[in-house]
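2 protein chains.
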Amino acid sequence: MRIIGVDPGSTATGYGVVDYADGRVVHVAHGILRPPRTASLAARLAHIHGGLAEIVALHAPDTAVVEKVFVASNPRSALVLGQARGVALAALAAAGLTVGELAAREVKKAVVGHGGAAKAQVQTMVMRLLDLRTEPASDAADALAVAICQAHAGRLAGLDVRGRRRRSVRARHEGEWTRMRT
Amino acid sequence: MRIIGVDPGSTATGYGVVDYADGRVVHVAHGILRPPRTASLAARLAHIHGGLAEIVALHAPDTAVVEKVFVASNPRSALVLGQARGVALAALAAAGLTVGELAAREVKKAVVGHGGAAKAQVQTMVMRLLDLRTEPASDAADALAVAICQAHAGRLAGLDVRGRRRRSVRARHEGEWTRMRT
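Protein sequences, first through last, are from chains A and B. So the first sequence is numbered by the numbering used here: it starts at 8 and just counts up by one. So the second sequence is numbered by the numbering used here: it starts at 8 and just counts up by one.
Worth flagging that the hints you see were computed from the coordinates, not collected in a lab. Be aware that one or more of the hints could be misleading.
Said to hold, decoys possible - Stretch by stretch, here's where chain B covers chain A in the computed footprint (C-beta under 8 Å, at least three residues): (1) 82-91; (2) 96-103; (3) 142-154.
Model, not experiment: these values are computed from the prediction. Each residue gets a CB set at the ideal place from its N, CA and C atoms; glycine is no exception.
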């Protein structure tokens with residue numbers, strides 16, 4: 008089963024793709040979508056939507072997962088987060104994926120061991136768990152963490168692996184996805 | 008100049024299309040996108056995105072406008088509004104449109120005469136201004152109102168009409184856009 012985790016944000020949207028099979032989680036790809044700062048709000052949101060659509064087309068995940076949002080600090084930041092989160096969810100659903108939601112505390116607990124872990128701890132643990140050579144940037148590490156957690160949550164919940172055939176050789180990709188779309 | 012106004016919302020997203028030429032605003036189309044209630048959040052957002060993309064392709068507006076959001080009542084409702092607003096903005100920008108923003112008070116003042124107008128007053132005035140046979144539903148009326156206001160704001164600001172050729176016969180369309188996409 009291939010899982011894409013997404014950490015939506017208006018300036019940086021992290022994504023991480025992992026495979027889960029035979030009790031093991033294997034890294035496939037991760038990166039960050041950074042809409043051009045000088046573009047309009049609408050153009051930046053279109054950049055996130057189009058970028059995720061291309062990433063999903065490239066890596067063909069079976070399912071998607073994002074962090075659940077509880078209470079944001081204030082209405083203004085909730086609106087800004089909501090705008091980025093909305094386009095991320097829409098892009099994933101438009102590609103035919105179901106989108107799960109996991110609480111941040113749950114994700115940190117699964118990956119680091121306790122729900123109050125700092126961002127740096129998540130980065131370090133994600134690097135170790137996935138046997139990466141370098142620490143992923145924070146937004147991508149959060150996205151990988153939620154994907155790893157979903158992999159294990161799926162196993163615990165006895166979820167079936169959907170019957171998509173896996174490629175025998177799989178491209179590995181680390182980096183930032185910065186192509187300008189709009 | 009053809010203008011699309013959009014009033015984004017998670018359960019109902021209103022849209023209204025008007026033409027502005029020679030100091031007159033003429034109705035072209037309006038309607039409401041209602042994502043299926045039983046669908047997941049992500050699927051409902053994808054429905055709004057895809058629906059607006061089709062509406063823009065159908066009516067080929069020159070520019071778009073949405074209501075500016077000031078402070079929402081609380082972070083939870085700001086997040087929900089933000090998600091719908093984000094996909095609406097992304098869909099409009101992905102179609103190559105610039106997206107203007109107008110304050111609700113400004114819109115009500117232009118259409119009804121005072122900034123604190125009730126929804127029913129906006130519906131009535133939009134019907135009269137556009138010479139419609141029936142009152143548009145509230146979400147569509149708000150979308151038409153913001154488009155009307157943008158038409159006059161553009162004239163006052165001396166904006167150029169972009170050089171897209173107008174069709175001589177123009178389809179008029181009133182109704183709800185409810186086709187299921189996802």
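Against the structure, the hints:
1. 82-91: holds (count 10)
2. 96-103: holds (count 6)
3. 142-154: violated (count 0)
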